[in-house]
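Participant: Put the two chains together into one complex; each comes in its own frame, and the hints tell you how they fit.
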Amino acid sequence: MVQINMVKERSIPGTYEGFTSLLAALGNSPTAAGQHYEQLRAKLIFFFTRKALEVPEDLADEVLDRMGRRLSEGLAILSVDAYALGVARHVALEQSARRNRVEAVDPTFFHNVPAVTTTFSEDERLVYLERCLRRLPSFDSQLLKSYYLSGGGAISARKNLAERLGISPGTLRQKVFLIRRRLLECVTARLEKRKSE
Amino acid sequence: MAMNPPISHEPDRQQLRDYLLGRMPEDTAEEVDERLFEGNAVLELLEEERQSLVEDFVGGRLNEEEAALFRSQMARSPELGRKVEDFREFLLALKRETAFSEKRKPLSLVFLFLSPALALLLCVVSLLYVKELHKSADLHAALSAGPQTTQVLSHPYAGDPSLATAFLSANVSRGSSGPPEILVPANASTLELQLELRAPLPDAKDWRVEVSAGNELLWQSAHTPVRRVGQETFLTAFVNTQDLPPGPYTIRYSPTANPGAIQKRLFVIRQSH
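Chains as they are written, first to last, in the working numbering: chain V, 31 to 227; chain Y, 7 to 279.
Here chain Y stands alone, though its shape is the one from the complex (with noise of 0.2 Å):
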């Protein structure tokens, strides 16, 4: 047994090992009981000092003498051998935890590659999502603005008189709330109404028009070809501004052929400045 010389403060850990082992001469083992029994800081080492023994065990790091002291206050203590037993476990699943995690590492790294990527491609998207609500709402106001105020194209030919064109579009948006206002350029001396017809009969090459202000006739037409532009069809009507003095107007249009099926517009006319 080894000779310890006695502790003048607190004992190091090789006194602390060969306390918990049972292997310190008595009268230096006394002196540390009376350290032990003082406070708590000798408590706090010793629970240290022994934590280290039972890994040592466990890792197989006490040569053979300390080995065989352990185990045998192993068997006299049932919460000694707990400890190890529980350390044995603690070790058990932290060498199943890395392997696990060693495992996922590959699923890990797939992830790490990945999110970026659908990160980039959720931006892209969103900014699409975004541009396309932009046009939509404008497509609304377009759609919405578009019965109150019809365009009007001025075309002015060398001296008088000039020509002003409105389209009176077939398109009408349900939200509209009053019929579409014509702004008629003061300089213009002609109207020419584009009137898109919307159920255009295949047959109905000639037209009968018809403006009128309350039901006063102020201008007609018996005759007026249909034209197409693409897949919409238009009647076209060349009235004199002088006619037209702003307010409201209807314009009344059926096939000469079937007069009977009468279709009408209402529009107002405004002079622009």
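Only chain V is shown next, with the shape it has when bound in the complex (with noise of 0.2 Å):
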């Protein structure tokens, strides 16, 4: 069964003006500016997240926002993250209050809203999936496989594993989600390249 991801598009918060000053503030280069705002946007996510705040995700553009507004009106800031925290805080504060005032809605309710784009069939990113773990290297292939799916994923498995091959468990874990990491590049790859033709 073809079943189409409907997710909402991130949008880039606030005005040109505010996200070009928030980007000049987070890095010399714009590589380094997109690298610093997608860990702050991780670590307001991780933030509100703990929180127990609806959609993290759009409190953490809401930060962003803010601080792109003030950064564009001339506000100096020493540390940025820190800076990030405050406002986080601030947001956080608002949306509880406003949370005691309106009635808990069923969040269920939010599946079925429209969106704004399209992501491809999970047919379509299974197959890529499976052209990508292919093309691995036999040896991270394997991995994979041992890692996830012999003793079922049980700790005691993966300890074994990590001790076969003369490794500590996190080391063993962190080499894994690199090679998620390859692998989700590689579908993503194809995916855009799809997208373009």
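Bear in mind the hints are in silico, worked out from the structure with no lab data behind them.
This structure is a prediction, so every number in the text was calculated from the model and none was measured.
Since no wrong hints were added, every one of them can be taken at face value.
According to the in silico footprint, chain Y covers these stretches of chain V (three or more CB under 8 Å from chain Y): (1) 82-89; (2) 107-114; (3) 158-165.
Cβ atoms here follow ideal geometry from the backbone N, Cα and C, with glycine treated the same way.
Facilitator: Structure below.
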């Protein structure tokens, strides 16, 4: 069965001036600024997630938006990350206060909200995943199978695997994550190529 | 809710998990917040632990409380929900790929055993081919050299005279540039010329043979019988070597019954030492 994944497109927060001001504060080069932007956004999402607030991704974007606006107004910030945490705490307080005023809404209600963008079908992603898996070096492929499929992924099985390889469980986990990251890059590249065709 | 000790260094896995699931006491969680926004070390640890959490959730390894907390987080965060779906998809792909590899295994084994056999066969065929090439080259060389020098067999009898035999083959290579040379040993007094007929006439048993140098007739025989050896037919002429000094000669031959059907061959006499 082909199921279409509907996701909400991530919006670039705030005005163009605010966004460029924020990027300028985040790094000296576009690459460094982009990387720092993603890291800061990830930190904010972790923060709002642990605060059990609705749609932490949107709240993270709200913080970045506010920071961009302040920066474009000429505010000088010594530590962007520390400032972001301060803004995030403020936004969290606002959200908590608003939550107390609003009736609880069934979260599944939002599942039927129309999406802005359409991603590829799961079947298509799956096909590319399999192809990319086959392209992995034999050792990496075997490692993934041993890590995820042997012993049902139990911790003891993974410890045994790490012992057999002569590495610590933490190193094994990082190695596996690295392989999965490469796999994801492969799938993304193929999907992008398919999209441009 | 479990009480966590204050964080004096990087949070351990349990603390990271508690933070992610939102069950860490607020004051301790605020410490982690501070550490998280100080640098990227805690961010990396959290990302790693969140991945483990996703895997444990999909693998059904979370306890009831943890699973419920995680589910409620998924309901609030579309990105987290997508991460879970991505991992489910990855597992499915991994299982399908494993099944595919298992199916291919017997075929791979066949090729594993077949490949050396095919390689061996290829080696043998190559060896035979190279051998045939050499043989062909030798034959070609022999064929090319054949018309140039005709082998002479010496038959030394007791005392003089001695007999030498030369074969003038009918198979003259197209590439030959000159008439065949007959090297006559210095001590030979009689030369036996074995002349192979190219298109022997079955009825012609009696032949006329002449050997001349230019227009000068040096030797002739009006009744030379044909001799058959297997499928080859020869005319044999015995010539005194004194009559054939080194130089070019023409040998003409025709059936006695049909003098018009004349054929000729050229040859050169050389004296060997």
